[in-house]
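Turn these sequences into a full structure, and let the hints guide you.
Number of protein chains: 2
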Amino acid sequence: MNLHRDPLPIADAVDRIMANKKQGKTEKVAIEHCGGRSLAEDILATNPVPPFDKSPYDGFALRSQDTMGLTRKNPGTFHVTETVAAGHRASRPMEKGEAVRIMTGAEIPEGADCVAMFEICQTFEESGHSYMEIKRALEPNQNIIEKGSETEKGKRLVRAGALINPGVKALLATFGYSEVMVYQKPKVGVFATGTELLDVDEPLVPGKIRNSNAYMILAQIERAGAEGTYLGKLDDDFETCYHAVSGSLKDFDLVITTGGVSVGDYDLMPEIYEKLKAKVLFNKVAMRPGSVTTVAELDGQLLYGLSGNPSACYVGFELFAYPMIQSLIGNPAPFRPRIQAILGEDFKKPNPFSRFVRGKVSFKRGEVVVSPVGIDKSAVVTSLAAANAFIVLPGGTRGYEKGDTVEAILLEHEHGQKQLEEG
Amino acid sequence: MNLHRDPLPIADAVDRIMANKKQGKTEKVAIEHCGGRSLAEDILATNPVPPFDKSPYDGFALRSQDTMGLTRKNPGTFHVTETVAAGHRASRPMEKGEAVRIMTGAEIPEGADCVAMFEICQTFEESGHSYMEIKRALEPNQNIIEKGSETEKGKRLVRAGALINPGVKALLATFGYSEVMVYQKPKVGVFATGTELLDVDEPLVPGKIRNSNAYMILAQIERAGAEGTYLGKLDDDFETCYHAVSGSLKDFDLVITTGGVSVGDYDLMPEIYEKLKAKVLFNKVAMRPGSVTTVAELDGQLLYGLSGNPSACYVGFELFAYPMIQSLIGNPAPFRPRIQAILGEDFKKPNPFSRFVRGKVSFKRGEVVVSPVGIDKSAVVTSLAAANAFIVLPGGTRGYEKGDTVEAILLEHEHGQKQLEEG
Numbered sequence: 001m002n003l004h005r006d007p008l009p010i011a012d013a014v015d016r017i018m019a020n021k022k023q024g025k026t027e028k029v030a031i032e033h034c035g036g037r038s039l040a041e042d043i044l045a046t047n048p049v050p051p052f053d054k055s056p057y058d059g060f061a062l063r064s065q066d067t068m069g070l071t072r073k074n075p076g077t078f079h080v081t082e083t084v085a086a087g088h089r090a091s092r093p094m095e096k097g098e099a100v101r102i103m104t105g106a107e108i109p110e111g112a113d114c115v116a117m118f119e120i121c122q123t124f125e126e127s128g129h130s131y132m133e134i135k136r137a138l139e140p141n142q143n144i145i146e147k148g149s150e151t152e153k154g155k156r157l158v159r160a161g162a163l164i165n166p167g168v169k170a171l172l173a174t175f176g177y178s179e180v181m182v183y184q185k186p187k188v189g190v191f192a193t194g195t196e197l198l199d200v201d202e203p204l205v206p207g208k209i210r211n212s213n214a215y216m217i218l219a220q221i222e223r224a225g226a227e228g229t230y231l232g233k234l235d236d237d238f239e240t241c242y243h244a245v246s247g248s249l250k251d252f253d254l255v256i257t258t259g260g261v262s263v264g265d266y267d268l269m270p271e272i273y274e275k276l277k278a279k280v281l282f283n284k285v286a287m288r289p290g291s292v293t294t295v296a297e298l299d300g301q302l303l304y305g306l307s308g309n310p311s312a313c314y315v316g317f318e319l320f321a322y323p324m325i326q327s328l329i330g331n332p333a334p335f336r337p338r339i340q341a342i343l344g345e346d347f348k349k350p351n352p353f354s355r356f357v358r359g360k361v362s363f364k365r366g367e368v369v370v371s372p373v374g375i376d377k378s379a380v381v382t383s384l385a386a387a388n389a390f391i392v393l394p395g396g397t398r399g400y401e402k403g404d405t406v407e408a409i410l411l412e413h414e415h416g417q418k419q420l421e422e423g
Numbered sequence: 001m002n003l004h005r006d007p008l009p010i011a012d013a014v015d016r017i018m019a020n021k022k023q024g025k026t027e028k029v030a031i032e033h034c035g036g037r038s039l040a041e042d043i044l045a046t047n048p049v050p051p052f053d054k055s056p057y058d059g060f061a062l063r064s065q066d067t068m069g070l071t072r073k074n075p076g077t078f079h080v081t082e083t084v085a086a087g088h089r090a091s092r093p094m095e096k097g098e099a100v101r102i103m104t105g106a107e108i109p110e111g112a113d114c115v116a117m118f119e120i121c122q123t124f125e126e127s128g129h130s131y132m133e134i135k136r137a138l139e140p141n142q143n144i145i146e147k148g149s150e151t152e153k154g155k156r157l158v159r160a161g162a163l164i165n166p167g168v169k170a171l172l173a174t175f176g177y178s179e180v181m182v183y184q185k186p187k188v189g190v191f192a193t194g195t196e197l198l199d200v201d202e203p204l205v206p207g208k209i210r211n212s213n214a215y216m217i218l219a220q221i222e223r224a225g226a227e228g229t230y231l232g233k234l235d236d237d238f239e240t241c242y243h244a245v246s247g248s249l250k251d252f253d254l255v256i257t258t259g260g261v262s263v264g265d266y267d268l269m270p271e272i273y274e275k276l277k278a279k280v281l282f283n284k285v286a287m288r289p290g291s292v293t294t295v296a297e298l299d300g301q302l303l304y305g306l307s308g309n310p311s312a313c314y315v316g317f318e319l320f321a322y323p324m325i326q327s328l329i330g331n332p333a334p335f336r337p338r339i340q341a342i343l344g345e346d347f348k349k350p351n352p353f354s355r356f357v358r359g360k361v362s363f364k365r366g367e368v369v370v371s372p373v374g375i376d377k378s379a380v381v382t383s384l385a386a387a388n389a390f391i392v393l394p395g396g397t398r399g400y401e402k403g404d405t406v407e408a409i410l411l412e413h414e415h416g417q418k419q420l421e422e423g
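Chains as they are written, first to last, in UniProt numbering: chain D, 1 to 423; chain G, 1 to 423.
The set of hints was computed from the structure by calculation and includes no laboratory data. There's no promise every hint is true.
Where chains are identical, the list cannot tell them apart; a pair therefore holds if satisfied intra-copy or between any two copies.
[Claimed, not checked] Distance condition first, Cα-Cα at most 20 Å in a straight line; then the derived SDA-like pairs of lysine to any residue:
#	residue 1	residue 2
1	Lys277	Asn20
2	Lys22	Asp199
3	Lys364	His243
4	Lys73	Gly97
5	Lys418	Pro332
6	Lys153	Phe52
7	Lys155	Lys402
8	Lys349	Glu150
9	Lys28	Val200
10	Lys147	Pro203
11	Lys277	Ser354
12	Lys360	Gly161
Printed below as a string of structure tokens:
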């Protein structure tokens, strides 16, 4: 076996993957079940908002011309003809000298063009009739939310490819989208390879470790917006692996294996890609961890051979599988946000290759700070729990110092803070 | 009805709510179903990591003393006695002059104390025996990942209250947590009140609007880590509302209503709290939007009366219900992250009250920038879709200018970017 592989720059590896991107499938789902999904249609305003002139306050609807010249010394009295609650309409157009008691959100009666808040009105009863008095003039349109003032009918409010968050859901409901077209979640099959792997419920035995990569990757798949299926762990036996992998291809958009991509005697994935006649897009990337990450393509379908080392596996997924999944769910911005940040601690290791260090982003006085979390070796699993970002340290350097500007790739948002005010 | 209510400072309102916080309930769930849940137990290293001395590379395990003095001009030859794949063990301790072919992740054979990578070794066969040759000396422990070097047995790796992300899942699997104790999702019941409300699948009719708050709040509840149940929309009728609300209390940790908390004729919630003998913690907060937000307490249970205005409802939930939910799922940092940011655009409106403006956080050259999105009125629903933060503008000011330092409360992380590299 040829042990030499030429490392490919990361950007080229991503390009080779994204050259295989294709339109994801779509489906209609009920508004109740669309949370967190990716829109496959633009959301349009199917009616103006508000759909009628409405009152922003509880008060009295008036004709502003009736209030001209009113002052503390020259108050005006109006006959209160009816009450309009939200969801109801006035029974008839208003006439000179009349007031309509109106509730927040209710439709402005025909003829009225302003609302006086309760707080500036006096009310009284006389001979079985209701009256209100006001001591100031109102302008036309004062305290009126005009029909269409927020949104005109037909306006595009959210573009396809956006994630359905609580605000988008409010829009769907407002505009009568009881069902909405979303992208189907891409189906991703996951195998863990390696005779050393035990199931999570098995006791440790000498020479073996528990399979953590499959559970981790399944959680990454879910976080990325896809649907993962665990297809089991495979011993390092060629026939077993070959049949398992080849038999799974038709059921999934992507197939991910962990382990078996290095140059060891039992690293079977290269041979499996060969027998499948899959085209290896790359089998070595100029990065740490995860340099052995391999991606192959067969009839437009991608097979990801991620490293068996937990951190390398994690990084390989986020760099190479995440953007493909995002692309399949129609996100026009499929890459993880990559921002500049201030390095919070020294990182003195020299970098022959670009390094993705597990880090934690925090914010201090308007600055973005990122610091490494835990030990940084490709086999290290414990640092992943605390990471919400990768620190990107380009290769060919002698290390970095606290205060240097670096790039960070954001993976998750911060979970919370102890005090209401900034800590 | 007394129209006057004294506005309470936001921090005091939050204090009154959090004085009612209590221990959430817990449950055991399988590792497959714990993603996104909140840990109710600390995660301990149940074994050292790695659990044995192991090889980080494919290569040959050697006794370092056998390699002393080896150079290009004075190479050493070793008898390759066997191959140890990951998951297997050497058949016997190594002796002087022997090498064991070893794969990444495999256990170091007894007697060996270093590994030579394939890349620096020559191999050959002679008389039916395998040999390897090496032209340099190795140090003791060179290329050995020592047992326990990453984590000692018994170490606490993740504290209760942490969210189970892909990294935490990897730890659960590594340490044999096939089941894990998590906090139960708090149960939150939601009513929308208002005769003006139509269902999402009903056509618009004059004076009415579709119910968007319930769908929005249910999505916020889900995002906050709780389980929401929509209990229906209620007309503005006292008996209907009273029986619906009082009948729901026993089934939920929190009950949220939208609408009906202002001082209008059909704002029934104050009267309902009174008849329930619930203690109103506050019914006016010094903030915009959402000043009418009301929270009442009955036998330790909280009833949230959120505004019927979409943006006010949204803000009220995030400020007052979110930290209570986080607290019920054991998060020791239950508040939304609140950070300093640079205002990206002018916001010239004077602020008598503290204002929570829907905004979008972005990152530019290591700085956090936050800009308002869309129109900012409490009734405005369309700006919520694009918001990933609130801009906190304290009251008593004449407005803010681009470049001012402001506070931002983070709601969501950014969705992505178009290019692999920073845009």
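Do the hints match the structure? See the list:
no. : hint               : verdict
1   : Lys277 with Asn20  : within (17 Å within a copy, 64 Å between copies)
2   : Lys22 with Asp199  : neither (35 Å within a copy, 37 Å between copies)
3   : Lys364 with His243 : neither (53 Å within a copy, 49 Å between copies)
4   : Lys73 with Gly97   : within (18 Å within a copy, 113 Å between copies)
5   : Lys418 with Pro332 : between (36 Å within a copy, 6 Å between copies)
6   : Lys153 with Phe52  : within (12 Å within a copy, 67 Å between copies)
7   : Lys155 with Lys402 : neither (48 Å within a copy, 28 Å between copies)
8   : Lys349 with Glu150 : between (55 Å within a copy, 18 Å between copies)
9   : Lys28 with Val200  : between (37 Å within a copy, 16 Å between copies)
10  : Lys147 with Pro203 : between (68 Å within a copy, 17 Å between copies)
11  : Lys277 with Ser354 : neither (31 Å within a copy, 64 Å between copies)
12  : Lys360 with Gly161 : between (28 Å within a copy, 18 Å between copies)
Of the hints listed earlier, those the structure fails to meet are numbers 2, 3, 7, 11, in rising order.
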